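The task is simple: from the sequences and hints, build the whole structure.
Protein chains in written order, with the numbering used here: chain V, 1 to 602; chain Z, 603 to 1242.
Simulated from the structure, these hints should not be mistaken for laboratory data. Predicted model only: the values in this text are computed from it and were never measured. Hints may contain errors.
To be clear about the criterion: a stretch of chain V counts as covered by chain Z if any three or more of its residues have a C-beta under 8 Å from a C-beta of chain Z, and this derived list gives those stretches [as the list claims (entries may be wrong)]:
| no. | stretch |
| --- | --- |
| 1 | 99-108 |
| 2 | 122-130 |
| 3 | 139-153 |
| 4 | 243-250 |
| 5 | 280-286 |
Here chain Z is said to cover these stretches of chain V; the calculated rule only asks that three of the stretch's residues, wherever they fall, bring their Cβ under 8 Å from a Cβ of chain Z [stated by the list, open to error]:
| no. | stretch |
| --- | --- |
| 6 | 85-92 |
| 7 | 425-436 |
Even for Gly, the Cβ is constructed at its ideal location relative to N, Cα and C.
Read off the chains here:
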Amino acid sequence: MEQRNQVPRGSGIRRYAGYVKGYWLPTLLTPFFMIFEVALEVLIPLLMAAIVDGGLYARDDFLLRSLIPAELKTGSTQLIFTLGGLMVLAALLSLSCGMLGARTGAVAAMGFAKNLRRSIFEKIQSFSFANTDKFSTSSLIVRTTTDVTMIQNVFQQMIRIFVRAPMMMVFAAIMAFNINSELSWIFVIAIPFLAVAMVILVKTGHPRFMKMLKKTDAMNTSVQEDLIAMRVVKAFVREDYEKQRFHDSVQDLKNAQIHAQKIFTFSGPIQLIIMWTCTIILLALGGMRIIRFKAFGPGELTSLMTYTTQIISSLAMVSFIIVSLSMAKASVSRINEVLDEELDIIGPDSDLKVENGDIEFRNVDFSYTGDPNNLTLSGINFKIRSGETIGVVGGTGEGKSTLVQLIPRFYDVLSGEVLIAGHNVKDYSLFELREGVSMVLQKNMLFSGSIKENLRWGDPNATDEEIVEACKMACAHDFITRMENGYDTDLGQGGCNVSGGQKQRLCIARALLKKPKILILDDSTSAVDTATDEKIRRAFRDYIPGTTKLIIAQRIASIMDSDRIIVMDEGKVVDIGTHDELMRRSVIYREVYESQMEGDDE
Amino acid sequence: MARQSDIIANHKGKRKPENFFKTIGRLLSYYKNCKWALIGAVAFIALYAASTIIAGYMLSPLVRVLEEALADTAGIHMDEQVTRYTALLVYMGFLYLAGALTNFGLNRLMLQCTAIVMAKLRTDLFDRMQELPVGFFDSHTHGELMSYFTNDVDAIREMLNHSITQLLISSFSLIGVVIAMVGLSLPLFLIVLILGTLVVLITKVIASRSGRNFVRQQKALATVNGYIEEMMEGQRVVKAFNHEEKVMADFEVMNEELRTVATRANTLASIMGPIMNNLSHIFYALTTTIGVLFSVNGEIIRKLSENSSFDWHRVGVDGYVLITFLGFIRQFSNRVSEISQQFNYILLALAGAERVFKLMDMDPEIDEGAVTLETKADGTRVWTYIDEKGESVEVPLVGKIELHDVDFSYDGKKLVLEDVNVYAKKGQKIAFVGSTGAGKTTIINLVNRFYDVVDGEITYDGIDIRKIKKDDLRGTLGMVLQDTHLFTGTVMENIRYGKLSATDEECIEAAKIANAHYFISHLPEGYNTMLYSDGANLSQGQRQLIAIARAAVAAPVVLILDEATSSIDTRTEKLIESGMDKLMEGRTVFVIAHRLSTVRNSNAIMVLEHGKIIERGDHDDLLRQQGKYYQLYTGAFELS
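Here it is in structure tokens:
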């Protein structure tokens, strides 16, 4: 599946075009509908001019005269009905195109968003832990939701408004020039004026606007910080201090807001002034021509006024689209960061299966930061035979969890190698490797759904008998059957309906159902009482003797009876041996043992 | 575990304000500080509407001149027509100029008003939140609380910024447009009235459907968010069990569901524009056709007049009237749809405003304490109060804390603490042990007065803590909690949080006590290194060291500690331990203990179970008793 995830790289257009897949038809139809809608829309003022001049004023030189059959006499009711009918028809067609365009635009944009969301989620799924560590969970969620919505909106704008507005401008200008090229030169002057004004506004306004957004973010962050740390605030009696801090940032924001939006209060009036100036000049020049030369009808003059409005307002629209495009840039780059993240653990395509539970570490060094001077594990060497039960002890932070995470390749070694059943873990496909190795993690996690559904994570095809058997081994069967709905009990999000110890036992049962060659328990019976803990370990011995069991425990009693015990200190394996051997020769082991068992001696 | 996405869904679920007028009134009261600006803005809006509509109306005399000129084929009155026409254009020009200026003025004033009102609203909300009791924060998730500041306040801002202005402009303009249209031609206006009704109806239908679909879309989005969140948190399990494919398949189902609902919601939202736009075109076309058909000089009117005694010319439409009228049709439909759309946004925002106001109306933390802490000339501190006889009493600050028969319940039903008695003399260390939910944290909450006892009392140097002014009480208590919360700011600022008047030297001294000095001085910018709330730049252990320094600089008389259970690298852990130990020296200490060394060194250990102290004594006593503590200690139960 890793290969499938190789998303196209590049600046964007080609990559993002890929997400249109499956929605190309609506994506292409939308601009098409938009063009038709606009074309029909700009016909209406033209028809209006014709009907007014030809029907009302009965002028023989009305627009479209050459296209209308001569039988329809100027000023006749038939002519009025024909032109009126055409107008209504144009409006109705425009309505249909507009609605269809809205629909296809929605289908295309939402489909695009769906593809994009899937692609990001798929990529995140294939992340290794080292990859995930670079991003925080919440930032990844924001990228898959908020940022996707942002880009989806821009996409929709691009195929609708971004087509519509310039098209409107072009069509309206063509119409105006066709109707009266002498008067229409006014647009040639007005358009650059407005364009320059808009560019200046956007250029000065944009950085101010970004600053305002930053201030808003800063303010929200400080609120969040304050809310989360409420106990600290109250404990140190810092309410007034916090208020003052907040007031300052609110004032800051207020000033930034006024500073930014001040710019945009110019855009309305400028647009209006240019539009109205055009209107008055048109009326003046056109009116004079009518008065002096009777050159054309009033209908023609007013249709030009309508085109003025259309041209100016669509130009203003274009400038605002550009602003919103630039705002989406941040979202695009955040998403690209995820999509471009280099996967650092990729398994080979290999059919190799984990045949037995032999484990060997050869000169393994490991660092979370990849820095040879900051090793979490160094010089690890040991061999475990299939079926052995191995305990791992050592203080917190000595590298026990890190050590076992290298076995299913959650992380890769810095140097040296980890071998399972005689093969380097890097030679197995990730799927086969993890099929063979089952791990109960320190940070247990159950998912929303029933107990049975959760257990089936271990084996989707497990029969009810197999599930019960695994639960009996993990000492979970009894408490499950005591629940009202038994195995069908709903666990709620994060498995919050069971106690810590019950959760741990369910997680063990889930891991057992996988029938692994190697079973790793990372401090996973800490909340289970000692008697049950022992029962579980006895079950392991009796029912899965062939499975290699690797048990990390804080409690020395949990691993005392292991075949061998690995003692870790400062990222190194300092000793391996049976309990008795270690009691004799390992100072660290003896210290841990004595600090825990002291009570027994009294 | 409530997720933010759920809250958003819940939030959107409630869309209508309960008390419309009361909320509006209260919102309006925020304009008090910018009353004149608001009045000015409304005046500008009225002027803007008036000038633009009169300017539009000017088309009527203008076209009339043109009609005259066209009729005057010989051009006898041409010069007079030109003069009249020009004069009218000059008027029109002035009106438009006035329109542009008032537009600028109204935007400026509205911007000023909105900024002032929003700042006041935000500060009021935040200030009230600071004063609410801790119980409020415990019963709401951070997401919920944040949504007041983001969702609700944003909706209000959007309304004040945009909707209100638009609504006012549209309303004034609509009135003007209607007057103009009626003045031009009542019959034509009646046709347009149908348009208005249609627009309102369609807006209503689409808005309510799109509202419903929007809620559905938010729900689907929340589901997807929740799933992503769950799978991200469970990433290790997903990988350990080779569940990537299954997870992808499940995600695909939810993703597709989201797409379906979102497409529906979005279609409705984006179909509104084209419908409104084209509806006005249809009416424009119809009005034009009807107007031209019934024009004064048209065939129909002529024929009607020939066959009847009534002079049909009187109802016929004049050309200049029709042309002017057509100019208003688009405005009319735009204004009507604008008003009905903005009204929806305003309802939504008012619902948000109502929630914000509700929070502002919550009761703040009560503080009836009359006992205050005074510093005497010689630097010693004393509790002072006036007793019943009216005499001033002084009690020296020592740090003796006693709990007498304390009962406590969070919900008023289930007792979380029952008959708890604890006596801590000055300088003693009291450790609380017991399993999760036994009530250890609750005791700490009570001493701090984050919550108040239900029964019994807690005394501080013999005084009931409920009689002590809260700020003075908390000022003498220091706290280091398990979850370390630091603030955005420099390391120095974060340490100084413990005592705002502390000098740099005092802060560094405190950092040395906390064992934090070494690592801080190795940070790229030492004490001036910036910290961020997400803590990306410091390890959990280092953050804890800073929190200890922060408590140290406050030099509290009584110290409350909640030891961390989280795994920290050994070296830092040792530093933290010895830092904590140094901090505890000479102070009365309450500690929720997770470390055996802390427990062993305590003067008294309280073993809590189900809210009761079941065993008490020092380490050796308790081991001898061979009770619960013994079991905890030997690992039969987990110590956490």
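Legend entry - Hints that the structure is at odds with (numbers, increasing): Of the numbered hints given earlier, the structure breaks none, since each of them holds.
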